[in-house]
Structures are given as C-alpha cells and as structure tokens.
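Student: For reference, the chains in residue letters:
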Amino acid sequence: MVNQTIKLGDGLRQDCDSIAAVKAGTLRFSKPNKYWVESSHKRYVPCVGDTVLGIVVDSKMDNFLVDIKGPTLALLPVLAFEGGTRRNIPKFEAGTLLYARVIKTNAGMNTELSCTDERGKAAEFGRLKDGYMFESSTGSARMLLSSPTCPVLEALGKKLSFEIAVGLNGRVWVNADAPSTIILVSNAIKASESLSATQQRIMVEKLIQRIE
Amino acid sequence: MEIDRADGRQPNQLRPLSCSHNFLNRAHGSARWSHGDTTVIAAVYGPKSGKKTNENPKKASVEVVWKPNTGHIGRDEKEYEIVVKRTLESICLLTVNPSTTVSVILQVVDDDGGLLPCAINAACAALVDAGIPLKHLAVSICCGLTESGFVVLDPTKSEEQSLQAFTYLVFPNSFRSVLPGSPLSVEIGPFENGIITSTTHGVMSVENYLFCIERGRSASAALSEFLRKSLTKWNESNS
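Listed in order, the protein sequences are those of chains A and B.
Residue numbers for the first sequence follow the numbering used here, beginning at 1 and rising by one.
Residue numbers for the second sequence follow the numbering used here, beginning at 1 and rising by one.
Extracted from the complex, chain A is given alone in its bound form (with noise of 0.2 Å):
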C-alpha cells in the first residue's frame, strides 16, 4: 500500500497504528480516500451537515432544546431563522416538529441545529404545520434520501400526490390533503424497510388498488 492520508468516518476509530472498527455493519469506500462503517440502527449519530427533524422539549434563553434521538439534546439558537432578530423570536412549544440542518457536532458538547441552509435562507426548513410523523431507522431513512429516486417513493408518487419530510436522524413526516393518503404512504414506507426495489413496487401496487 502506498502511502496515502485517508479520512475514518463513522464507525472507524484509529488506535495508535491500526484502523478498528466499533460498529457491526458495511464497510464502504468513496473516493477519494473516505472509509466509513454503514449501519442501520433506531438511534442517530449527528454528522454535520446532515438534515434531521426534531421535536422541540424545551426553550431557554438563548437556544431551543431538541430531541434528534441523538446521545444527548440538540440545541437551536432562537436566532438560527431567516431574517431573525431579538423582536422575532418564535415561540415553539414542546412537542412543536422542526425540520432543521446539523451545523455543529463535538465530543461531549450538545449538538447545535439550525433551520437556515448555507446562504441563511430558510428553504424549507422550520416548523412542519399538520401531517404525520413516524419513526424509522437510519438505514431506512437514508434509502428513502437516496437518489435515483427509492423505489417505494417513485411508485407512490405516480399514483399520489403528498408531501414528504425525511430526517436522517430516523423521522419521516408525511402530509397530503386526504389523511387516507397519509395512513397509506405512511404504511408504505414502513413495511418498504425490508423490501427489495421490485418487492416494494409490487406492494404499493396491491396497496394503491386496494382503495381504488
């Protein structure tokens, strides 16, 4: 092997000479030179830059406490917003569901949210008014993400039209204007989990020709 620096993502963890890895899961390589352990589990490790959503449990003076199912609670500044200031601030309740964006994760410090993108607007990002929300796995949740577009989500898109929010952290909320469209794109996605492409078109066909 030549010598070449190579980036440890999640799940590797150098010990003096050698590469461990401390998760069980696959290892998988980009170019070019990043390592990383992938796995699906029910709990999330924030990584920044990643979008999550959140439900808020708590507000201080100067952050909102979040829940992002991650080893300790997030906090969003009251400012992180489009166009926010002092006399703006909004007033989340608890148990409000925010779609946010990781900007900070460091050892043993809260990880920090923000519900700006890169530019500081607010594209998409903050409170989700009405809809459903339900709990996946990572793995789960970052098929759903991928592109070309997941099998289950193509499918159901032909034949539906609903609004879609997923978190990497392992949250799906789904809003359409019938909530029969809610329960079934809900059901979909849930049992698409363990479902190969074809498996999964196959199921929203039989599902969608169910209500028919």
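Source of the hints: derived by calculation from the structure; they are not laboratory data.
Only true hints are included.
Just some of the chain B residues that point at chain A, by a computed CB distance under 10 Å: (1) A27; (2) S49; (3) N97; (4) P98; (5) S99; (6) T100; (7) I132; (8) P133; (9) K135; (10) T232; (11) N235; (12) S237; (13) S239.
If you're wondering where the values come from, they're calculated on a predicted model, not measured in any experiment.
Using N, Cα and C, we set each Cβ at its ideal position, and we do this for glycine too.
The hints should help you fit chain B onto chain A, whose structure is shown.
Tutor: Showing chain B alone in chain A's frame:
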C-alpha cells in the same frame, strides 16, 4: 479418559447455540441468546443523556438491570448486575459519548445452567444491535470441575449442582484484519492471553483453574465464530 455426561456430550462440547437480533420494537437494541435450554433476552436503550451523580462525567456509564424469571430481586441478581456492568464497561468505548447512559436490561427466560455467560453473550449482541461503539466483542463460557477431577464445558443445571467447582469466563473475541481492495479477510488470531472477566464458585486448585481457562479460551473461538456469523446475517438483513 472419557466421562459420561447426562446428555451424551463430550467434555469439550458446547450445547446448541442460537441468537436472534432486533426483535423488540421499543428497545434500541435487543438480542436473545440461548445455550441449549438456557435463554436470556437483553434489551439495550441508549445512549441517553443524563447520568448518576457520582459517575465520571468524562465517560459514558453503563447501567444493568437483571430480571430473574421467577421470584424477587435478591442478592444474587445484584451480584450478576455488578459483574455484567463491569464486563460491559470494559468492552464499550466510554469516551465517545461522555455524560450519557446506556441501559442494559437482562430478562432470564429459562435457566438451565450457565446463566451468567448466556446473559453476557446476549448483552454483547444487543449492544452491537443498538450501535453502541465497542472496542471488541466479548464471548462468555462456563467451565466446571467435576468430582472426579475432569473439566467440562457449558454444564447444564443438573451437572452444575454436582460439580465440585465452576467458573464463568469472558474472553475478547478474535480479531480479523481486512485490507481495503482485497475481498479476503485474514485472521490475526485471538488476543494472546486476554481475559475480561472470571468468576468462580466452589474450590478448585490453581492447575485446574488454569486448565479451565485454557479450555474456555479454545471454546471461545467457536463462540466468536458463531457470533460473527449471526451478526453477518443481521447486517445483510439490515442493508
């Protein structure tokens, strides 16, 4: 010299093992481990923020709750909790998530001898299922010394009662090295002389104890292999 065991096993032979993962809906990680008829279910919750006041704030803490299959929680259960807690603390990477708690709840389903090793194996498998960062895995075995001076592995409850002494041993599992780019994996070999936990009951001589450790270590290779296969299947069904 052969001795007769009630179920016809060789002195070195383990009971049939079985392991299943991720079957509890609410728990963040779960595993069910069986050595023959002894079965323990382990559920892991965490890491959750918050910890007890006198624990080190720079490390995560592990909390173990042992639930027996019948009866009230007594001294024996408390002792098991302490042994399992110390064993798991030594395999978890505690500095990754400081000031958090990982809760492990062990529920005894069936007790037919070798309860503590079965529980530790289940707890380790459940920690992997939950994604808690671990330095390495732990495999656990029970070795007993019969009245006639023979060492037997993995005794059943009736065998345990007639043993002169027995010991529960926990070993780290073997390392396997993978070079990126090559699909083969090279077995490096077990940790030389590594042992995580040892609890003894009864009186045995030093030579017999060392012999038990040696037998246990060789059996741990078979247990490691089984755990690895079980986790490979779990990983495939996940991705």
